[in-house]
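Student: Given next are the chains, with one letter for each unit.
Protein chains: 2
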Amino acid sequence: MRTVFFISDRTGITAEALGNSLLTQFPQIDFKRVNLAFIDTQKKAQTAAQLIKEASETDGQAALIFSTQVSNEYRHLLENSGGIIFDFFETYISKMEKILETQSSHEMGLSHGVGNKNTYSGRIDSINFALNNDDGLTTKNYETADIILTGVSRSGKTPTCLFLALQYGIYAANYPLIDEDLDTSKLPNALKGFKNKLYGLSINPVRLQNIRDVRRSNSGYASIEQCRKEVRRAEDMFVQNDVPYIDTSHISIEEIAGRILQKSKLERRY
Amino acid sequence: MRTVFFISDRTGITAEALGNSLLTQFPQIDFKRVNLAFIDTQKKAQTAAQLIKEASETDGQAALIFSTQVSNEYRHLLENSGGIIFDFFETYISKMEKILETQSSHEMGLSHGVGNKNTYSGRIDSINFALNNDDGLTTKNYETADIILTGVSRSGKTPTCLFLALQYGIYAANYPLIDEDLDTSKLPNALKGFKNKLYGLSINPVRLQNIRDVRRSNSGYASIEQCRKEVRRAEDMFVQNDVPYIDTSHISIEEIAGRILQKSKLERRY
Chain A
6 MRTVFFISDR TGITAEALGN SLLTQFPQID FKRVNLAFID TQKKAQTAAQ
56 LIKEASETDG QAALIFSTQV SNEYRHLLEN SGGIIFDFFE TYISKMEKIL
106 ETQSSHEMGL SHGVGNKNTY SGRIDSINFA LNNDDGLTTK NYETADIILT
156 GVSRSGKTPT CLFLALQYGI YAANYPLIDE DLDTSKLPNA LKGFKNKLYG
206 LSINPVRLQN IRDVRRSNSG YASIEQCRKE VRRAEDMFVQ NDVPYIDTSH
256 ISIEEIAGRI LQKSKLERRY
Chain B
6 MRTVFFISDR TGITAEALGN SLLTQFPQID FKRVNLAFID TQKKAQTAAQ
56 LIKEASETDG QAALIFSTQV SNEYRHLLEN SGGIIFDFFE TYISKMEKIL
106 ETQSSHEMGL SHGVGNKNTY SGRIDSINFA LNNDDGLTTK NYETADIILT
156 GVSRSGKTPT CLFLALQYGI YAANYPLIDE DLDTSKLPNA LKGFKNKLYG
206 LSINPVRLQN IRDVRRSNSG YASIEQCRKE VRRAEDMFVQ NDVPYIDTSH
256 ISIEEIAGRI LQKSKLERRY
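Same order as they appear, the protein sequences are chains A and B. Numbers in our numbering are just positions in the first sequence, counted from 1, shifted up by 5. Numbers in our numbering are just positions in the second sequence, counted from 1, shifted up by 5.
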């Protein structure tokens with residue numbers, strides 16, 4: 006067992022994301038992860054250093070520290086804890102200062118928070134858009150949508166729309182393909198005027214069955230025949246109408262959203 | 006103008022997050038940001054290198070490249086583009102190999118996607134939980150909730166719940182405090198049995214007025230008197246009942262979620 010600390014003066018999401026990406030390159034090792042967020046006072050930095058020291062002693066080997074710590078002073082405290090530090094700021098800031106021929110501000114907490122009001126309100130607007138235009142609740146705002154996802158029930162439309170809103174500020178609506186839509190391979194009326202905004206989600210029928218079975222066990226809705234039929238007809242509709250689509254069976258929400266963004270050449274709003 | 010490229014063999018979210026954090030340390034410089042995601046073939050890497058070359062020529066100075074590129078081969082292509090590369094993988098992987106006394110796998114795409122099925126389904130469950138238990142829609146699942154956010158209308162409950170679900174897999178419900186709840190400083194009946202799961206959101210009344218005014222202009226709901234009254238009474242209720250609360254006026258959704266997580270000592274589910 007080797008303890009890994011993610012330490013940041015803010016949420017620690019960036020330190021965690023990059024740190025975890027690096028750790029996946031060592032699947033043979035069993036890591037214990039500890040996230041210490043908002044380490045923004047000397048006292049908190051001292052406490053963090055103490056925790057690192059104790060973990061290193063317990064493990065019998067130095068803990069790893071992934072940090073995005075802007076303050077030199079607090080970073081030194083972490084460095085002297087007995088752990089091995091990978092500081093994502095320190096590594097790059099001095100190289101960047103040289104290349105950009107200027108000093109960095111060394112201010113904490115700049116990447117989020119105050120001063121971001123437009124981004125913040127904008128993203129709340131995007132989330133509200135996703136919620137108000139989820140699951141075909143209404144189809145009257147498609148003029149305003151950046152993208153309209155469509156696919157059968159449980160193909161991943163809602164979480165993908167919410168992720169597009171939260172991460173990129175995209176206005177994403179979604180429209181579920183139900184039995185009556187799937188009787189023909191023509192686009193449903195509500196979608197006809199918005200062909201250039203459509204993106205299809207498809208899914209492996211067995212995976213779909215598994216997901217639906219959790220919701221409504223042993224129902225017709227969750228039967229493999231129904232799942233196969235719906236997926237086949239939905240894909241026929243996508244192909245027939247030149248709607249691009251993605252198979253969501255084996256990829257994460259982040260990746261579905263990222264690929265859709267890339268393929269449809271959408272820019273983040275915020 | 007200086008062009009900055011974020012390049013990854015996956016979504017590029019990590020490269021963007023860390024790269025942007027670093028760029029905020031240089032507020033005096035005007036950066037143009039380009040995100041190139043899913044650079045996972047030699048051809049795509051060559052195209053990326055060409056774009057970097059052209060941007061550097063147009064700007065009259067070398068573009069910056071923030072990259073999380075696992076493949077050495079593709080990284081070399083980027084290095085030879087004339088841009089200056091900050092590769093978050095290369096910098097750390099060899100140091101980690103030495104410390105961990107083992108080889109890294111150097112496989113692309115490990116941080117997301119296939120193999121993460123439990124995490125993926127888990128987070129979808131969390132998102133569904135947030136959606137089904139949003140805005141007091143129902144109060145019957147509070148037994149299952151990890152946390153229940155409460156506050157006046159438009160204090161940020163829904164986006165915070167969704168972010169807790171998406172980022173951390175937390176089961177987060179939310180309950181809106183309406184006029185009749187605020188007639189007294191006692192907890193609403195629906196919340197009484199769950200005091201240890203409650204977290205309050207508060208907000209500056211002027212900011213609340215601005216937000217509400219966009220929704221329902223010049224309404225009683227958006228009047229400053231109404232906003233002041235609701236916020237004051239909600240805070241009284243939090244204090245009276247020892248419910249911890251956070252002012253959401255000037256911080257991002259990530260930070261609200263991060264601070265709540267830290268204060269309530271909740272662990273991520275996925």
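Careful: at least some of the hints might be erroneous.
All copies of an identical chain are treated as equivalent in the list; a pair is satisfied when it fits inside any one copy or across any two copies.
Said to hold, decoys possible - For lysine-lysine, the following DSS-like pairs were computed, each having C-alpha atoms within a straight-line distance of at most 27 Å:
hint : residue 1 : residue 2
1    : 270       : 234
2    : 49        : 197
3    : 200       : 58
4    : 58        : 100
5    : 100       : 197
6    : 191       : 234
7    : 270       : 48
8    : 37        : 100
9    : 49        : 234
10   : 58        : 48
11   : 197       : 58
12   : 268       : 58
13   : 37        : 234
14   : 103       : 191
15   : 268       : 49
16   : 270       : 37
17   : 145       : 48
18   : 103       : 49
19   : 270       : 200
20   : 197       : 48
Derived from the structure by calculation, the hints contain no laboratory data.
Student: Would you mind marking each hint as holding or not holding in the structure?
Tutor: Going down the list of hints, with the structure as the test:
1. 270 to 234: The answer is neither: 31 Å in one copy and 46 Å across copies each exceed 27 Å.
2. 49 to 197: Close neither inside one copy (57 Å) nor across copies (34 Å); limit 27 Å.
3. 200 to 58: neither (59 Å within a copy, 35 Å between copies)
4. 58 to 100: between (30 Å within a copy, 21 Å between copies)
5. 100 to 197: Neither: 53 Å inside a copy, 55 Å across copies.
6. 191 to 234: within (16 Å within a copy, 54 Å between copies)
7. 270 to 48: between (47 Å within a copy, 19 Å between copies)
8. 37 to 100: Between copies, since 19 Å is at most 27 Å while 31 Å is not.
9. 49 to 234: neither (57 Å within a copy, 36 Å between copies)
10. 58 to 48: within (15 Å within a copy, 47 Å between copies)
11. 197 to 58: neither (63 Å within a copy, 41 Å between copies)
12. 268 to 58: Between copies, since 23 Å is at most 27 Å while 47 Å is not.
13. 37 to 234: neither (44 Å within a copy, 47 Å between copies)
14. 103 to 191: Close neither inside one copy (59 Å) nor across copies (59 Å); limit 27 Å.
15. 268 to 49: between (44 Å within a copy, 14 Å between copies)
16. 270 to 37: Between copies only: 17 Å across chains, 39 Å inside a chain, cut-off 27 Å.
17. 145 to 48: The answer is neither: 54 Å in one copy and 42 Å across copies each exceed 27 Å.
18. 103 to 49: neither (31 Å within a copy, 30 Å between copies)
19. 270 to 200: within (15 Å within a copy, 47 Å between copies)
20. 197 to 48: neither (61 Å within a copy, 36 Å between copies)
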